[in-house]
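S.K.: The chain contents come next:
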Amino acid sequence: MTLLDIRDLAVSFDTAAGRIKALNGVSFSLQRGEVLALLGESGSGKSVTASAIMDLVPNPPGAIDGGSITFDGANLLDLPHRERRAICGTRIALIFQDALAALNPVYSIGWQIGEMFRIHHKKAAGEIEGAVIDLLDAVGIPDAARRARQYPHEFSGGMRQRIMIAMAVALEPDIIIADEPTTALDVTIQAQIVDLLNTIRKRSGAGMIFITHDLGVVAELADRVAVMYAGRIVEQASVYELFADPRHPYSIGLLASQPRIDVATSELVPIPGSAPNPADLPSGCAFRTRCPRAKELCAQVVPILADAGPGRLTACHFPGNAA
Amino acid sequence: MSPKILLRRTALAALALLALMAATFFLVRLTGDPVNLYLPVDASQAARDAMRIQLGLDRPLVVQFFEFLFNVLRLDFGTSLWHNRPAMEVVLEALPRTLALGAIALALAFAISALVGVIAAANAGSAVDRLINVVSQAAASVPDFWLGLMCVLVFAVNLRLLPTSGFGGPAYWVLPVVCLMARPFGMLVQIIRGSMIEALNASYVRTARAKGAREGRVGFVHALRNALLPAVTVTGDLAAQFAGGGGVVEVVFGFPGIGKLLIDGILRRDFAIVQSSIFAVAVVIFLINILVDILYATIDPRVRVE
Amino acid sequence: MTEISGTAPARKASRVKWFARALAGDPMALCSVIWLALVLVLILADTFGAFSGSRIALKARNLPPFDFTQDWRLWIGADSLGRSLLGRLAEAALTSIGIALLTVLLSLVMGTMLGLVAGYFGGPVGSLIMRISDVVMGFPTLLVALVGLYLFGPSVTNLVIVLAITRMPSYIRVARAETLEVRERLFVDAARVFGGGPIWIIRHHILPIVAPTMLTLASVNVAMVMLFESGLSYLGLGVQPPAVSWGLMIAQGQGYLSSAWWLGFFPGLAVMLTTMSFNLLANWFRIVNDPSQHWRLIRRKR
Amino acid sequence: QSDLVTVVVTDEPKSLDPCDTDLSNNARILRNNVTETLVNLDPANGAVLPSLATEWRQIDDLTWEFKLREGVTFHDGSAFDAAAVVAALARATNPDIGCEVGLATLQGNTFTGEAVDATTLVIKTGTVEPILPNKLSALDIGAPVTPADAKTREPIGTGPYALKAWSAGQSVALQAFDDYWGDKPAIANANIVWRGESAVRAAMVDTGEAQIAFEIAPQDATSANDIAFPNAETSLLRIDQAIAPLDDKRVREALNLAIDRDGLIGTVFNEGATKAMQVVLPSVFGYNPDIPVWPYDPDRARALLDEARAAGVPVDTEIVLYGRIGIYPNSAESMEAIQAMLLDVGFNARLEMMETTPWLEKLIGPFPAERQPSLLQTQIDNTEGDAVFTLPNRFTSGGNTSTLADPSVDDLIARASAATGDERQSLFQQAFANIAVEAINIVPLFHMVTIARVSPDLNYVPDVQAGNEIKLRSISYK
Amino acid sequence: MSAPLLEVDNLSKHFGSGSAPVRAVDGVSFSIAKGETLGLVGESGCGKTSLVRTLLRLNAATAGHAMLDGVDIAQAKGAELRAMRRKMQVVFQDPYQSLNPRMRVDRLLSEPWALHPGVLPRAQWSTQIARLLEAVGLRPEHALRYPNEFSGGQRQRLGIARALALNPSLLVCDEPVSALDVSVQAQVINLLARLRKERNLAMLFVAHDLAVVRHVSDRVMVMYLGRIIETGPTEEIFSAPRHPYTQALLSAVPTPDPTLRGKRRRIVLQGDLPSPSNPPSGCRFRTRCWKATDKCAVEAPELVAHGNTNLLTACHYAETVPDLA
Ligand SMILES: Nc1ncnc2c1ncn2[C@@H]1O[C@H](COP(=O)(O)OP(=O)(O)OP(=O)(O)O)[C@@H](O)[C@H]1O
Ligand SMILES: Nc1ncnc2c1ncn2[C@@H]1O[C@H](COP(=O)(O)OP(=O)(O)OP(=O)(O)O)[C@@H](O)[C@H]1O
Ligand SMILES: [Mg+2]
Ligand SMILES: [Mg+2]
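Protein chains in written order, with this note's numbering: chain A, 1 to 323; chain B, 1 to 306; chain C, 1 to 302; chain D, 1 to 478; chain E, 1 to 325.
Worth double-checking, as some hints may not be accurate.
Only pairs whose alpha carbons sit at most 30 angstroms apart, straight line, appear in this in silico DSS-like list of lysine-lysine [claimed, not checked]:
no., chain 1, residue 1, chain 2, residue 2
1, A, K202, E, K263
2, A, K21, C, K59
3, C, K59, D, K275
Hints in this document: simulated from the structure, not taken from any laboratory.
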């Protein structure tokens with residue numbers, strides 16, 4: 001069952017360099033209980049997508065230019081601000097990349113987790129403390145009663161991310177959006193957090209949008225993958241299909257350019273060039289300037305996300321297997 | 001703040017105070033001889049010499065200095081030539097008035113500018129924001145004594161609402177407080193507006209919004225407390241400045257505070273008054289700084305008082 | 001190489017254009033620039049003798065403003081000695097702004113240098129610099145002003161030196177704090193790895209980074225010094241007749257507030273507007289130098 | 001509130017010690033309000049009038065006898081008698097205390113008081129003192145409990161008002177004294193407050209915060225309630241005639257001719273000011289009515305300068321005008337105007353406005369040998385009514401503020417000081433003429449006026465002594 | 001065998017003094033031969049950067065020596081110091097921070113020559129700049145731009161070009177690719193590999209991404225809390241690590257292959273890295289080690305070979321976990 005459905009979402013920002021089209025018509029959907037990985041390099045629009053869902057696009061300088069976000073049958077973009085806020089935290093929760101910055105430095109973490117209940121009036125004042133301690137226990141923070149009184153800077157990076165997770169799952173949301181929750185962490189800690197997210201998700205049955213650029217984490221966690229490039233989804237497939245048989249040249253390049261821990265690679269195959277300037281995207285397919293397959297058509301027509309086999313979509317005029 | 005740190009800071013402050021007092025001692029003595037000022041023009045040279053001897057001004061400066069230091073250590077700050085009584089006594093009469101004036105002005109300025117600053121930041125770029133910007137810039141730029149004179153003209157002389165000047169009941173405080181408030185208000189609005197805009201863009205504010213908090217809560221609970229830190233620093237600096245007296249404003253309004261005392265002391269070459277006021281003010285500033293540090297640490301748990 | 005170097009002027013031109021655009025995006029800053037340009041024109045007019053005819057004329061004493069049948073120099077009235085108020089304002093502008101700029105320049109240069117040294121080297125020299133600046137900060141500026149003026153005679157030069165010394169600590173502090181931060185940056189380490197000595201690093205790596213902050217501080221300080229000078233002159237400790245500054249004009253004009261308000265009003269307004277202009281420009285400058293705030297300066301076109 | 005009058009002056013009193021009344025700020029509060037003197041001077045003509053002394057006579061050159069008023073008590077209840085006066089005199093002249101009266105009016109002679117009986121006092125002087133009663137008009141008599149070796153902040157006198165409180169920095173409160181020997185004052189309480197700004201002082205009367213405001217600047221004197229009264233001060237520029245080119249008489253004459261005194265009156269100076277030809281007012285004993293007032297003749301001034309230049313006098317040397325900030329209202333403007341006038345006739349004049357202390361250094365000798373030619377802005381007051389209080393210190397070679405070293409003037413003044421009667425008068429008149437016309441040591445400007453703003457519902461007319469005395473007991477509400 | 005290029009002997013770097021200094025580097029010894037690449041891995045805060053900075057003489061060593069080509073780095077002075085500076089260059093982690101934003105690229109790249117007069121006559125600077133830019137895959141006209149006009153990968157190339165300006169024999173790379181995007185990372189890694197071959201560069205390659213280290217290094221060194229706990233040839237470390245920490249580290253790295261999901265044996269370590277100012281007694285890893293015994297708390301293990309292997313391991317219970325990969 002489709003829980004969240006995003007169609008043609010477009011978001012732009014005013015910057016000194018001019019108008020940036022951060023999202024150029026993003027479409028994907030999330031099923032109940034599913035983990036969708038949003039993969040893509042820096043600046044491709046992953047976080048903006050998350051912000052748009054959560055009504056967090058700063059305005060100004062940003063603005064939502066079009067599209068729809070359908071959640072539970074209603075287009076979120078049509079809802080008044082107040083109702084969207086009520087959905088935030090209760091039904092859709094967000095976990096940020098940089099937990100240190102994302103936690104308010106001047107309030108204790110117990111207060112900040114408890115705020116979830118206070119904002120949404122979910123618990124009586126007396127019950128909050130106990131609930132907070134339970135949550136902290138659940139995310140594996142020892143000595144929860146004492147630590148609830150401490151401030152974010154008194155925790156390690158992994159602990160902070162656990163706190164963010166505790167906050168996100170406090171009201172048992174239907175969707176958890178995790179924006180690169182492990183990028184800033186060490187591998188050993190990352191493993192802990194990935195485990196934790198997995199456990200919690202399975203327990204609550206929530207759907208999850210997992211934003212990352214780490215292929216390893218994707219392989220570990222995701223059911224389905226959407227690959228983003230320059231503000232668009234360029235490919236969508238189940239995780240197995242994507243890793244085994246990427247069709248979009250960008251996905252292919254992404255997979256080929258990463259060294260692997262499990263096998264010795266002699267030479268990496270990087271994607272040539274660098275990400276395009278978002279203020280000045282190439283005409284047609286944004287990837288064409290770096291694409292080995294680019295033809296004239298690519299400069300003229302924007303490829304749409306089209307069916308490319310069962311359950312998979314590719315936005316390329318010349319999709320195909322890795323050479 | 002642990003007692004050890006307090007002790008260390010006090011020791012450091014005492015050293016700085018010593019340097020300050022030494023510098024003051026020599027500086028005031030460079031401004032000329034008080035004897036001419038204190039004797040009638042017709043007084044004879046003999047009388048002038050006699051007074052110099054009586055005041056000890058005939059001795060080498062170094063000797064005077066060490067005597068001064070010795071006296072300061074015994075908390076004896078000498079007798080005011082002008083007031084003809086212990087200088088510290090005069091200073092301690094004026095200082096509380098100045099502190100009260102400054103505290104009222106600053107507290108009001110802080111409270112009002114926090115409110116106004118938040119409104120401006122929340123509506124950054126709007127007409128309200130622009131209006132607030134112009135008003136606060138004007139407030140920060142207006143010469144306080146000019147404002148004082150204009151206020152006297154309008155509110156006291158023309159409208160007869162308030163007394164022109166002097167010291168007494170609450171009515172007497174209104175104009176000095178307003179004039180003294182103008183600059184802090186302007187500066188603080190600017191600062192709070194700036195840091196609020198920054199805070200509103202911060203990641204933790206996004207978190208608060210993502211949690212579903214309403215804008216009011218986001219602004220006043222999450223952003224403001226963080227945004228207050230720079231304002232607290234500036235308020236501390238201003239408080240330190242105000243501890244030295246509202247200077248020109250006190251003169252304009254005939255407010256018998258430490259600023260006027262100091263200006264008069266300087267103009268009258270009343271060395272003991274100048275030295276005692278600077279000493280007292282320095283001590284107050286030291287206390288203010290500690291207070292600000294404590295406040296800082298209360299607002300922001302990351303800050304540890306050193 | 002020629003075709004490459006040919007792009008340099010174009011880049012410069014585009015930078016000027018960007019500044020112009022950024023200025024256009026901030027109406028307040030634009031107004032400030034216009035006001036300061038106006039003041040500059042006034043000063044130039046004065047230096048080229050447009051007001052040289054305005055001598056003391058006791059008959060024209062306190063001539064009220066806005067009498068457009070008079071000579072244009074008298075359009076905003078005449079002062080208590082019958083001189084053109086506009087001419088006096090122009091003359092005073094040169095002193096007031098001149099003092100402010102010179103003071104700020106002096107304290108900026110000295111303060112930045114000391115701050116850089118204190119920040120980069122730290123150690124006993126650094127603490128000495130900081131302690132001295134603390135003590136200077138602890139002084140009532142009035143006392144320092146008085147001593148300076150008494151010792152060296154009341155002159156604009158001395159006023160500048162005295163004010164510069166009292167303003168210096170704030171530059172030292174900021175420059176030091178910035179230096180402390182910048183010297184930990186990686187590119188400074190890189191320069192060290194290349195064998196760059198302290199002088200080299202301060203000159204080529206730290207100073208250029210610290211400079212914009214210092215300039216912002218300086219433009220705020222121009223405003224502050226102007227206020228301060230007018231306060232001092234008001235108390236009779238600053239500029240003395242026959243020299244004239246806006247502050248002195250306010251001080252002299254205050255006696256006429258009830259009978260000839262324009263004498264004190266216009267210089268007061270001039271101080272306020274000029275101070276405000278410098279503050280606003282400082283703001284604008286800060287935003288221009290902060291890429292994350294750029295969007296504020298560019299109007300949204302839809 | 002008809003039993004309170006508030007007076008606003010410029011400055012807080014420096015001291016309220018009875019022996020410091022030589023300073024007008026102190027005297028205004030004390031003199032004839034709190035403390036009284038043996039004699040008073042008639043504001044109209046300078047004649048000596050009885051006060052605490054009822055009659056007096058000179059027994060011989062060095063001895064005077066005073067009869068004291070009976071039935072007078074101090075505010076603390078102690079009796080006023082000859083012993084109290086002896087103590088006050090001794091105290092005022094004790095160099096260890098540094099009393100203003102002793103250092104100024106009573107300086108240069110010794111005075112030994114002797115109580116013959118309770119109401120009879122004999123004073124012996126070290127040298128002949130022909131005008132002892134004038135001098136004693138400056139000596140306020142404090143109660144015997146006044147400490148003999150230190151100043152007091154709580155004066156106790158015999159006057160119609162007793163000190164109630166002195167709130168430092170704020171006000172001095174006076175209260176009528178029930179057992180006053182004379183007529184009871186109409187108003188029971190008086191407050192003296194101080195404000196630096198003329199405009200504020202003036203406004204305070206309008207707003208009813210005060211009933212009398214002194215020293216209103218000409219430009220603030222806009223209402224019908226402003227009363228100008230001569231304040232015994234004469235403004236002038238002192239010429240430092242020891243230094244070239246000011247050592248040339250033509251140059252000094254040119255200075256005087258260059259100044260448009262009529263132009264300054266009513267603009268920078270108050271309309272009530274009168275052009276001065278010498279440094280004392282007509283009411284002072286020794287005033288010379290025959291000295292001509294300088295005309296404004298810039299052409300003649302230029303001619304004199306040319307003449308001097310031709311004779312090799314370095315007339316183009318820069319001459320400094322030392323002005324003092326706030327010496328009288330509009331002091332800086334007046335100096336600017338004067339500078340412009342001097343420049344106009346061809347002087348190379350530079351103006352330097354100074355704060356009091358550095359100005360005093362220029363005023364009071366000894367002067368350094370190497371110095372610039374200069375004119376000094378100053379004013380001279382004479383409240384004691386005799387020329388001897390003005391001349392010796394300012395115009396003799398030994399005087400500490402004198403730039404004149406002329407043996408003939410020295411001799412004239414010395415002889416005049418010792419003489420009495422008509423001889424005294426004519427000798428002083430000669431001296432004034434010598435200073436103003438022959439030596440041209442000064443650029444006399446104006447006999448000054450002070451403006452007081454008086455609330456219209458008050459009966460009070462300030463007189464020439466109002467600069468030194470606010471005769472509170474003469475004040476009443478209409 | 002000739003003397004190694006870099007020889008580090010018992011080097012320590014402690015921050016702060018007093019009772020509990022931060023022991024960022026604690027008695028580290030290793031060497032790098034000419035042309036060899038040594039990978040250094042370890043979790044955040046284990047002391048990698050501190051070690052690098054001490055080698056570069058940006059920090060003063062607390063104890064021990066580091067000799068570059070027979071010259072003690074810490075003691076070098078004057079001409080010796082200048083020669084040393086030329087031989088050893090650095091590429092930093094953050095390409096945004098390591099280039100002065102106010103310097104144009106041509107000035108950035110020529111700075112080393114300006115500091116070492118005599119290396120290259122001024123007349124040749126511009127041609128040499130063009131050559132350097134080309135060597136790192138940029139174009140000569142980039143010389144007139146400012147750093148902020150480059151993308152992260154391009155900036156890192158600039159950093160590398162600058163490090164190459166003095167033609168060093170040892171390049172110290174402190175996480176040169178960890179701030180870069182995945183697609184760009186490959187470009188930079190390839191570039192480094194190419195330059196290394198072309199110029200016979202020796203490298204100390206610091207990273208926390210084990211896959212990258214595996215790809216780049218000849219030999220690998222694993223650091224934990226300021227100590228080296230295991231070192232040896234790359235293949236051996238990755239195929240048969242003996243230290244429990246190395247084993248855990250390797251197993252924690254997720255494999256980009258969804259088919260292996262759940263099939264690998266993963267060791268998820270409990271707890272965080274202890275504070276370096278108060279490291280555990282004995283073996284520093286024991287607080288998170290599943291093999292720890294009382295002995296580990298008392299006796300710090302030496303870095304020695306255990307059994308028939310080229311690996312040196314600092315563990316009392318070193319053994320291979322055969323089924324790891
Ligand atoms: N507040 C903003 N103002 C201007 N531009 C913005 C803003 N937020 C995002 N953008 C732009 O939108 C584009 C997409 O940014 P986004 O943060 O979504 O990237 P991302 O895929 O999350 O990258 P990363 O992996 O670095 O987090 C970028 O080009 C970015 O510059
Ligand atoms: N200047 C310093 N003062 C005090 N402690 C420091 C300093 N620099 C580093 N440390 C501490 O030394 C330890 C090692 O830090 P270092 O930066 O060397 O680690 P790292 O392995 O490079 O980590 P990362 O992977 O995060 O770069 C850390 O605990 C750090 O907090
Ligand atoms: Mg992102
Ligand atoms: Mg590091």
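S.K.: So, for every hint listed, does it hold in this structure?
M.R.: Evaluated hints:
no., hint, in the structure
1, A:K202 x E:K263, "19 angstroms, holds"
2, A:K21 x C:K59, "70 angstroms, violated"
3, C:K59 x D:K275, "19 angstroms, holds"
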